[in-house]
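Chemist: Sequence:
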Amino acid sequence: MIAAIIVNTLTLTVRFAVALLIASLGEMYNQKAGIFNLGCEGIMSMGAFLGMLIPFAIGGAGEVPGYVNIMGLVAGTACGALMGLLFGIVVITFRAPQGIAGIGMQMFGVGLAGTFFRSYIGGSQSITGINATAIPVISKIPVIGEILFTHNAVVYFAYLMIPVCYYVMFKSPWGLHVRAVGTHPRAADSLGINVNRVRYESLVVGGAMAGFAGAFLTLCQAKMFTAGIIGGRGFIAVALVYFGQWHPIKIFLGALLFTFAQSLQTQIQIFVPQFQYYEFLTMLPYILVIVVLAFNRKSNRFGPAALGRPFNREMRV
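Each residue of the sequence shown is one higher than the last, beginning at 1 in our numbering.
In case anyone wonders, no lab produced these hints; they're calculated from the structure.
Take the hints with a grain of salt, since some may be wrong.
[What the hints assert, rightly or not] Mimicking DSS-like on lysine-lysine, the simulated pairs with C-alpha atoms at most 30 Å apart in a straight line are:
#, residue 1, residue 2
1, LYS223, LYS250
2, LYS171, LYS223
3, LYS140, LYS223
Note that this is a predicted model, so its numbers are computed, not measured.
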């Protein structure tokens, strides 16, 4: 039984970490550019709703062609990009306090997704979504094959985003601009970098990734939409950026750690139903995040110096 719990936990960890990983990488771009976006939860909610709505509107609970599910992913991603742009108008153009604006975006996205869901769908409805497909031959490798090679294509695409995000952030000219405007925007401006434009671009990229993460939840994981489907993942994504010290690989490890705790408590409830303290198991992943952050105070040294500060060329701000 212990072996089954371990294998199932690791398999679920690989699959369930995707939404958190992609949202965290998107938030990394936001923060590296100097924008603190607490609205990730709301953006993920809208992405999750649209990701489910497209295939449900076309095929209901039945099978739909593969391209329809891809349309759902694209719709969620596009919605996330638009919401990132909207957030940029609020905090970059109008220079609203980023923390308060982020909470507003979170409430707006969650509320809007819930309202649309009740208006156009009404109640709990499932979709077939994107099913897992075992990779021939290598999925037959004992233990490792089941853990790593029995997922759907979106999971593998998401993990390929880790080196892509690393390259874009640390090896590309645009990534250099992002880091510059988040560290010393006035110096970046003096070198001809359009600070606000780069920040807008970062918010659009980060929002698109959050929307994609939300669509993944409904299309590949839950295969349905509920008002609380995000379950705090947007806020955890923000915390994981601090835990991962604004570095894609460390953020990936943090996402695995949190999701492992989440998957473990699920498996214990399944395999050990007589365990009475399931409330503690439910809290365990969130307690873990708090404890890790509390003992990871050095992260502040790696953070963007201008994080949370608006930029105005005409003023020393």
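Chemist: All the hints need checking, so say for each whether the structure fits it.
Modeler: Now for the hints, and whether the structure bears them out:
1. LYS223 - LYS250: holds (29 Å)
2. LYS171 - LYS223: Since the Cα atoms of LYS171 and LYS223 sit roughly 37 Å apart, the hinted pair is violated (cutoff 30 Å).
3. LYS140 - LYS223: holds (26 Å)
Hint compliance for this structure: hint 2 alone is broken.
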